[in-house]
Amino acid sequence: MVTKWLVRGFTTFFTVLFTVMLGLTTLANVSESDINQMLGTTSTKIVETGEVVDTEYFKKKTNSIEELMQNKLKIIEQITDEGTVLLKNENDTLPLKGGKNVTLFGKASYNSVYGGKSGNAAIGNSGNVNINFTFKRGLEDAGFSVNADMWNYYAGKNLAYTSAPTEEVAPSELPMDSVSAYKDAGVVVFSRVTGEGSDAASDYYELVSAELNLLKAVEDVCDKVIVIINSPSPIAIHALKTDAKVGAILQIGGLGARGAESIGNILAGKVNPSGKLVDTYAADSRSSAAYQSAGTAEYSNSSELDAAATDIGIGSGKQYTIYNEGIYVGYKYYETRYEDCMLNQGNAASAAGTFMSEGFWDYDEEVDYSFGYGGSYTTFDKEITAFEVEDNVVKISVKVTNTGSVAGKEVVQLYVQSPYTAYDKTNGVEKSAIQLVNFGKTDILAPDASETVTIKMDLYNIASYDYKNKKTWILDDGNYYFAIGNGAHDALNNVLAKKEVSAVKGNAELVKEWKNRTFETYDEYKFSEAGFTTENGLFHNNTETKYTNRLDSADLNSLIGANTVKYLSRQDWSGTWTTGLQGITATPAMIDRITLKSTYTPGKAVGDKYKYGADTAYNILLAKGLDYDDPFWAEILNQLLIEEMIVTVGKNFGAIESIRSLSFNGTVDNDGVGSGPATSYLSTYNNGSTPFEGVTNYSDLDPRMYPSETVDAATFNQKLIYELGEIQSEDCFYNGMTTLWGPGLNIHRHPYSGRNFEYFSEDSMLTYILGAQVTAGLQSNGVIASPKHFAFNDQETGRYGFAAYTNEQAGRENSLRGFEGAVAVAKAKNIMTALNRIGCDWVGASTALQNEILRDEWGFDGYTITDNATQAYMAGRCIALGTDKFMLLPGNDRSKELNKDALLADDTLFGAVREACHRILYVYVNSKAMNGVSSTSMIVEVTPWWKTVIANIDVILGCLVALGVVGCVATYKKEEPSKEVES
Amino acid sequence: MKNLFNKKGVGFYLQLGTILFAIVGLISYLVAGQDSYGLDVGVVVLLALGIVVGLVFCIKDWFTAGPIIVMAFFGGAVGLFLVSRFMYYSYLYFGVDASSTISGAMLATTVSFVLMLVLGIVSAFFAWDKGGKKS
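So the protein lines, in turn, are chains L and D. Letter 667 of the first sequence, counting from 1, is numbered 667 in our numbering, and no numbers are missing. Position in the second sequence counted from 1, then plus 983, gives you our numbering.
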């Protein structure tokens, strides 16, 4: 009897395993490319059938992975050295010259913020501490003795880096007795971190009593108190600024591998800080104009949207947000309101929007540290030695002299104040009182040494977008003030000094006035120095398309009616200040767009209009170097089977599938924003050791070691950020990646946006410039950059489909500007679209955004890819609206709309899918994806080891089930007689 | 009915538990499947077939083949479930979406499926019907 039940039991067990395994096998088969990418395996092989030729079209710049790692760590450390900002340094607190015995305080001193809270940036907190250094190691390497008892206590508590600020350990619980031997300095680390999918809670960036209690306790026992702000987004640190016992404050975003090392060296004086703030540090983190309308609201008639939705749904399409702040994001709000206060205009001093001021709005109470501000251990004198505006290019030379006693670097920041004219006021054109134009950075200057920094920029970049009247960029006639300053506030004060405004401490010598005598429109603007080179700087590649309104449908005043939305205006700060999102009722036309009913009209049957599956045998390499419009491309595309076209645009999590008939071997594409490339190094580079203790194989080493993008931006070092792109590109030669999804080029609309850690700054010009530099560096050697998330992903709340409503001036001058730099200047070849809507349209269904602005105006000749298209509202038909490729996880597809029959029945969609394949292949035939492929190469299928393993498991389980069934039959028959006996 | 239960072995009661969890799993899956990831009809059909066949074999375990056949349906359902929910679970695992947490219904589905498989397998090691001529 026992045998019978054992046989049946195990047979059942194997049956369950077998059936579940069949499901997993199906999953593995549909996810073949993704699994290959994850495991570093391949399902195809390039076989050379002709003469062997050099097919390394793009070659590594390093000779070995050791050399790569050496160069990479050098760049990383330079970024964190230069991206750390000295906010406060009183009474010679820093550098620490006396005692070297210090104590680290704060839960974040142990579990620090290395990047962000999610996805690609969380790696620092789960990786090897020998790769991503802790503060303890950073300080010890710089020569400090760190209080081990305190460190061990925090290690024991091991409070997660994501834990709430209120979880800070109470001083009474800390081993404060241990501090007496390590009281030369108390280094307190306060952190904040956010991630994908949600924005920070409404008071997250305020200091809490638990933190202030800790600070007070440290002040009581330590000789010096230094606070490290370890946060990609600004924390309200008014209490620290005004606390006389806090001697110094340093700010750094996500640390990356060597941020802690940089902090140690800065504390020790081995590195002189030269970083500048990428965001305004307001006294109250919720005081920005943009934050007043953060988050989302639901349409008052959202039930009608539910009723109107088709089978593709609308995601979070019932939610919307409104950019009530207009162009006044970040410092553009605080500084413009400051000037208007000083000039007593526009009700600027009214109580509207006051958070820290008493009775009336007071800049000094509302702002602690302005955008662009950053201190140094030395002092610099600046002198404008040359200034000219010629051929619509402003060029300025500034002599920087180190007047202090230690060596250091300094950033020359060029700002402009454009005239706010009667025309602007009449036509609703807003002007920031001060706006970053460009910047340059010196090398390390020894005491008394000088260097002249020359900066230039096209006037296009200081033009304003007039969306109401001229419907294009305009350059007002009037006086323009080009000013140098240590941050936006300093530059503005210099401008006000030049304008002889009383009660302002500024230096008029650091301002040059330029009078533009004629009002100009830039609808057919041509750049005099077109194209990006590392020598000439940042100039657009010219296109033939006019700059004109494309986003009227994103403006509720156009969609619903005038005065539906009141945008913030410096004409009346009080009257246009908005608190909270106003209620909106979606019109029938809006509902049709949100549900994607009216956006796309299918075509007719394909018939003979397009060829496919042509019996030719062209190798994709024949198209290498051809113009996009070369007629030969039609031959290549005619050769594609419909199935191949569908797979190319609608399969895999980003990577492009191989196309055997074209000898195209596919791509390996992965995330890379902020922390770096997410694909591991290939095992072929394993040689028994790495530079990191505890890691033997390079394939076990996570390449994601870079600091957060906010730290990159804080360097204000364009050359360094170009080199960052170059070294990330080099990473891709060792991990096999072709496209790196980065950089992140949305802006920090306000501190609470969940994804600020992977975007550069609140300022669109800083984003424009650095976005262009890192993209150019990335693409300098055959790797493809994919700036993301295009566009208006300035918050995470409701990200799967919320609608962003804005006016075109705000859109052009803020949200789109960063992408404009990467595309129009640096010619990015791939763009990742966002999950949200612009107006009623998902951005991947917005022809205005993807075709008219991106492709026509900016000259984009690459392909667009969606972000993770989990939601069905990102429908297959969107290929005909500008999307080129869907990012699809296993189990997710677009086969309902992207199938052979559907394509043959709709020549519009067929043509769009064909064009998307054209764009994708055009990008990759001119990239490092073609390395290894010659004109006589063939792609043959091979079976990766994991498929063999799965097949073997299936067979073994199947045999065990069959054997079990036989056993069951045998034991059943055998034991039948016993039943009789028993009876 | 009393006679029926008198004739049943330990495996039968374990199988009842298996079917109970299958029913709970099916109901909670019908609820959980209303999210954006959707409902896989194959999972529902296989679960339903497993439940029906399971109940039939509960009446009489013909040729002692009950658990093998029933668990083939349930195993297949779970296999399909894993395929259709791979994206959902990978999101949770990798924390791609900070706001993503497993829904109550999906948690109930997952727990039910696990218990269903475990109990179903264990039930196969014991007789469902007591032996003897009376049976």
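Quick caveat, the hints were computed from the structure, so don't treat them as lab data. Hints may contain errors.
What the hints assert, rightly or not - Below, a list of computed lysine-lysine pairs in the DSSO-like style, where the Cα atoms sit at most 27 angstroms apart:
#1 L:470 to L:382
#2 L:597 to D:990
#3 D:990 to L:74
#4 D:1043 to L:470
#5 L:4 to D:1113
#6 L:382 to L:719
#7 L:270 to L:100
#8 L:719 to L:526
The structure displayed is predicted, hence computed values, not measured ones.
Here's how the hints hold up against the structure:
Note on residue 470 of chain L and residue 382 of chain L: the hinted pairing is violated, with a Cα-Cα distance of about 39 angstroms set against a maximum of 27 angstroms. As the CA atoms of residue 597 of chain L and residue 990 of chain D are separated by approximately 62 angstroms, the hinted pair breaks the 27 angstroms bound. Of the pairs offered as hints, the one joining residue 990 of chain D and residue 74 of chain L is violated, with about 78 angstroms between alpha carbons and a cut-off of 27 angstroms exceeded. For the proposed pair residue 1043 of chain D and residue 470 of chain L, the alpha carbon gap of about 84 angstroms is over 27 angstroms, so the pair is violated.
In summary, the hint linking residue 4 of chain L to residue 1113 of chain D is supported, as the alpha carbons are separated by about 14 angstroms, within the 27 angstroms threshold. For the hint linking residue 382 of chain L to residue 719 of chain L, the alpha-carbon distance of about 21 angstroms falls within 27 angstroms, and the restraint holds. Only pairs whose Cα atoms come within 27 angstroms are accepted, and residue 270 of chain L paired with residue 100 of chain L is accepted, the gap being roughly 14 angstroms. A threshold of 27 angstroms between alpha carbons decides the hint, and for residue 719 of chain L with residue 526 of chain L the separation of about 26 angstroms falls inside it, so the pair holds.
Violated hints, listed in ascending order, are 1, 2, 3 and 4; each of the other numbered hints is respected by the structure.
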